[in-house]
Amino acid sequence: MFEWLSDLTGNQILAAFISAALPVAFIVPFVIFAVWLERKVSAHMQDRLGPMRVGWHGWLQTIADFFKLIQKEDIVSSEVDKKFFNMAPYLVFIGSYAVYAALPFSNSYIGSNIDLGLFYIIAVSGLVVAGILMAGWASNNKYSLYGAMRSAAQIVSYEIPTALVILAMVMFTGTLSLAKLSDLQTSSFWNWYIFGGPDWGWSKLLVLPFMLVAFLLFYISSLAEVNRTPFDLPEAESELVAGYHTEYSGMKFAMFFLSEYGNMFAVSAIASVLFFGGYQSPIGYIGNSLGISWLVPFEQVFWFASKGIFFVFVQMWLRWTLPRVRVDQLMTLCWKYLIPYAFVNLIIIGIISLI
Amino acid sequence: MKNPQEILEILKAQFPNLEFQLDASLPVETFIIADAMAINKISNFLAENEELLFDSLMNLSGVDDANGTKVKDEEGNETINGGTLSVYYHLYSTKIGHKITVRVSTARENPEVESVENVWKTANWHEREAFDMFGIKFLNHSDLRRILMPYDWEAGYPLRKDYKNPEFYQGMKVTY
Amino acid sequence: MKEYLKNTWLGVWTVLVGMKITFKHLFQPAVTIQYPDVKLPLPERVRNRLYVNIDDCIGCDQCSRACPVSCISIETVKAIPGEDLGQTSNGKKKALWVTKFDIDFAKCCYCQLCVFPCPTECIKMTETYEFSEFRRQDLNYHFSALNTSEAIEKKNNWEKFQAEKEAQKAAAAAKPAAPQQNPKTEGN
Amino acid sequence: MALKTEELVLNMGPQHPSTHGVLRLELELEGEVVKNVKPHLGYLHRCFEKHAEAMTYPQVIPYTDRMDYLASMYNNFGYVVAVEKLLGIQVPERVEYIRVIMGELQRIASHLVALGTYGLDIGAFTPFLYCFIDREKILNLFEITCGARLLYNYMWVGGLSHDIHPDFVRLTKEFIPYFRPRIKELNDLLTFNKIFIERTANIGVLPVDTAINYGASGPVLRGSGFRWDLRKNDPYSIYDRFDFDIPVGQGLVGTVGDCWDRYYVRVQEMEQSLRIIEQAIDNIPDGDVQSAIPKRIKPPKGMVYSRVENPKGELGYFIISDGSTSPFRVKVRAPSFVNLSVLGEMSKGHLVADVVAILGSIDIVLGEVDR
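Chains as they are written, first to last, in this note's numbering: chain A, 1 to 355; chain B, 356 to 531; chain C, 532 to 719; chain D, 720 to 1090.
Since the hints were made in silico from the structure, they are not lab data.
No experiment lies behind these values; they were computed from the predicted model shown.
Honestly, I wouldn't trust all of these hints.
As the list claims (entries may be wrong) - In silico DSBU-like links for lysine-lysine, alpha-carbon gap of 35 Å or less:
1. D:754 - D:1067
2. D:723 - A:142
3. D:769 - B:516
4. D:1014 - C:625
Chain A extracted, bound-state conformation:
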């Protein structure tokens, strides 16, 4: 994308800006959609109607809320650490936005097609922790501080099982590049890694159950990384009111919100790239069969987004079903359950990929 743009405009800086701004064009509409979806999903699961007033079934509600948030007064209490307090929401947003740089929306658009894509994502999402800690500390509020501390412990811990699962996948596929991972799972859904990958043979059958386990482990730990129920302890409303963003209002609060929903899509997208073929269509492309080749990238974006949104939906589904775990149980789950399982899984997948 960047090369194409720099050829088109003849200016590398301009091309870089355009290329970097494109995910915003995705994130903002996605967040608006996802917030609406969350409301409707929760409402219908609880036999309610949800927003119905603004637009058809309230689809404009989030936009209305967005305008409300923009207009709200930006309250900064006198006792906060102003520098950090103002910086934190943007840092959190940068952390989640940077992940989008490496997401392969289609084979012709990746913000930055780096070979170390997965590694980069794991590394850069650590920025979010810094932002949350900053927000919690700067708020000068005990509840916020508790939320931030919990959040830091949680995100750091859960990166281990995530990394272990990714390690297993890297061992099995032999690549760290997200684009290449997607390319490998081409043409049909039985080539997806959740079904054992594109290589036919007895190893596909053998690896299949372990891939399922790997996916579950990855999905659970990614839930914890984005602070969704049952792991939403940093903002556990019944204990900590709103956790690290208790003291924020207006646009700064919206930034936290934006990055939370952005993160939700990012981890779902990574799950779909790793296990569900990324941008690849499960049934083949209309563009290819009709001979309209320019249609293919758009179809790929469509599949990529719909897979991501499906997993986002599952996240919401879980949220409106489950209670919340306690902070020590969160750690127990991570260190005593997820990490051992991930290790065993890693070893087994390693052995299978060796033979």
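Given chain A, put chains B, C and D in place with the hints provided.
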């Protein structure tokens, strides 16, 4: 199962130098009148004695008997001088299944009653409430503060019959 | 080890059971309604804003005395002889001008205790439940049929009559030959 | 040089999502471990007892509604039973039956709120709304009967304010088969969920003798494994005629007397209440519900302590009459008030999140704690 008369006999036998009375003049409930300064001892006995085993304090309530002389000052405010404040203990035995009501009375001017908190823990908050509402001081209570009213309420004890609503609370006008 | 695996299994299984239930509910019709557009039908015994049919009110003050929060305030003036106030719908003769019949709905607790003692069934609960106001004093409803000036007029009438009676009484006391006026007026 | 440490004091409430109203808890924390809990009450104090001294006996009833506003019907019940004892009047059979049915429906409604909000405290939002859907059905039954949904003023001294609606029996009979599967659904969704069990089992264990010493009653006491229900142990009204069990905590998933036991006792109690309603609904005798209401309620000089099994526990009214039309003294032994005093004992050494779980399992209503 023991009726109040039998319980009274047991109490009298145990504490020969204390005064007990059985009041059956009022319908529905009869109660034992005991000494306010010995109620802890008596309660301990009531809770521990094998025949009585009153392990549960159902209710503890202060009452303003309003039996003193009513005095009117120049502005027409009525105050009560003299008389007594009472504390009623409603006891129940979950093991045997009998009940008894014990009443202690104390002078209105300096109301002091022994605390029974160490016998029944539930008395802690009930006694705080009685202190809050009537100003009855419970001796040896671990944490005798106001409980329902604000800690800095200075206008007296609301459930006394001669209580007057204050006009100001901490400098704020109180509207009714 | 067995405990460990059992915990894992229970964790996954009960989550799936829960997810099945919420998924089932996803497709059930909603129980909520869009309130101001759609309204639930009210049952016949519903207890909402009070209404006073002042034509039937005899000013007996029973509702006011039954009210636990004193939200009804009634003032009455006796009618002077010769004024006919008519009858209530169940045939009671009215003898009092109801100069003030205010119900403060900011205070009302909708307990319906005022409805039962009314001898003429003129105070009752209606179905109106949307009557919020921006100012608290607007919630004080005046049910009296007389406006302020009329009320003052009635009061003056009664006072004038009272004064005349006093004068007559004084006159009668001075001249004990003519005491016939008093018992007649008291009857009214 | 030793590092200086100090305990963190965290103020929970009066405005906090899970203190069930305006309770303020002062938590002394060491990390997230609770060292001490100090409840501060009184933010909702409305002087019920002082008010009652200025009211006539029937006028007190609307005020009793407002104490435990989730179980108003039962508060009425307790008060009228006490005043009837003082007056020495017998109420007609029909009234007794209707009172029992209403009381048990109210118990289900109150427990539904308790269970739903408990799920909310633990972090599950959805069961809360499912419980409210069912509670709404019960409130509809109350509404057709007396016209109010929350504060009923339905039970009067000697009778009832209204006879039951002609449709009431049919609708109640429809409600019972509807509600049984809903209890099962709640169990599947929340009660036996692994995360929920992990959060509540072995938390806030309350031994029986401590519970009795603290005067705990209702599901809090029964959760500790003590078979104690005033409907059986000290029967009032006509409860001795019905056949029902007293569910107690058995430590099914943890220790006897933990939060989960208290929660599960409530679930089982709803089933027992359904059983009572089933037995009573077909046997309502004919009669006039207002025939025994005295024209003028003026009890003789005397006093009474009468207690009933409110959904939250033992609700006692201590009424002293001086022979006039208004009571001389009314003291309410509010179950939530007494049960709440155990909180400090139960939550020592647990985490902040557990304090929320323990508080929720006590099921307090601040209107009753502060009166």
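Hint-by-hint comparison with the structure:
Taking the CA atoms of residue 754 of chain D and residue 1067 of chain D, the gap is about 6 Å. The hint holds against a cut of 35 Å. The suggested pairing of residue 723 of chain D with residue 142 of chain A holds, with an alpha-carbon distance near 19 Å, which does not exceed 35 Å. A hinted pair counts as satisfied when its Cα atoms are at most 35 Å apart, and residue 769 of chain D with residue 516 of chain B qualifies at roughly 9 Å. For a cut-off of 35 Å, the pair hint linking residue 1014 of chain D to residue 625 of chain C stands: about 25 Å separates their Cα positions.
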